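Chain residues, written in single-letter form:
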Amino acid sequence: DVKVTQSSRYLVKRTGEKVFLECVQDMDHENMFWYRQDPGLGLRLIYFSYDVKMKEKGDIPEGYSVSREKKERFSLILESASTNQTSMYLCASSLGTSYNEQFFGPGTRLTVL
Amino acid sequence: AQSVTQLGSHVSVSEGALVLLRCNYSSSVPPYLFWYVQYPNQGLQLLLKYTSAATLVKGINGFEAEFKKSETSFHLTKPSAHMSDAAEYFCAVTLYGNNRLAFGKGNQVVVIP
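Residue numbers (the working numbering), protein chains in the order written: chain H, 344 to 456; chain L, 487 to 599.
Treat the hints with care, as some may be off.
[Stated by the list, open to error] Selected chain H positions facing chain L (Cβ under 10 Å, derived; list incomplete): (1) P382; (2) G383; (3) L384; (4) G385; (5) Y393; (6) E399; (7) L438; (8) S441; (9) Y442; (10) N443; (11) G450; (12) R452.
Note that these hints are calculated values from the structure, not bench results.
As the structure is a prediction and not an experimental result, all values here were calculated from the model.
Ideal placement from N, C-alpha and C gives every residue a C-beta, glycine not left out.
Let's have the full structure, built from the sequences with the hints guiding it.
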């Protein structure tokens, strides 16, 4: 059974803290993605990676960075959390061709106080 | 750039009635199209996808969608709604050679007993 796991389901942090969200997939997928989901806005792509140590900006990369040191793991980093980064964060992975679907993790609901 | 339009953020349907969720895309080349479902407190799960084979695509849980190039549409239907269909539904599009998905803003489906 294919699986994408995220390190936390719920997370509460304070403004200015550095936040790490971890995502692991066990499907040997080349591509990994980080999205944020907000009511009425759908899913917006933050960053994605198509190979180890490779990354590309998505639609809303400001305030975020990513790290992919191993194929199975993709980390999202909030360098200095702000209240407007309170959101649901979803990680996904896919094989390297565009007709392949993305598989999603359960999400991390982050609250920044 | 490709984009997706889903009208009507909230859709109410009576149990046993037809479910119809509309999706229109913009793309200058033939796209790949996806419908995902998100149940409460879960990640997204693939319902079905169109990858240039048959224009009528059947998915899980009795859902199907028809690709109409002339109308740039990929509407999702189910003949008879069940209470378990209450969820949020997202249409997404990608292009050949591009691993990124562009998502619509989603339809929250409420099933009325």
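Now the hints, each set against the structure:
| no. | hint | verdict |
| --- | --- | --- |
| 1 | P382 | 9 Å, holds |
| 2 | G383 | 6 Å, holds |
| 3 | L384 | 6 Å, holds |
| 4 | G385 | 4 Å, holds |
| 5 | Y393 | 6 Å, holds |
| 6 | E399 | 9 Å, holds |
| 7 | L438 | 9 Å, holds |
| 8 | S441 | 5 Å, holds |
| 9 | Y442 | 4 Å, holds |
| 10 | N443 | 8 Å, holds |
| 11 | G450 | 5 Å, holds |
| 12 | R452 | 9 Å, holds |
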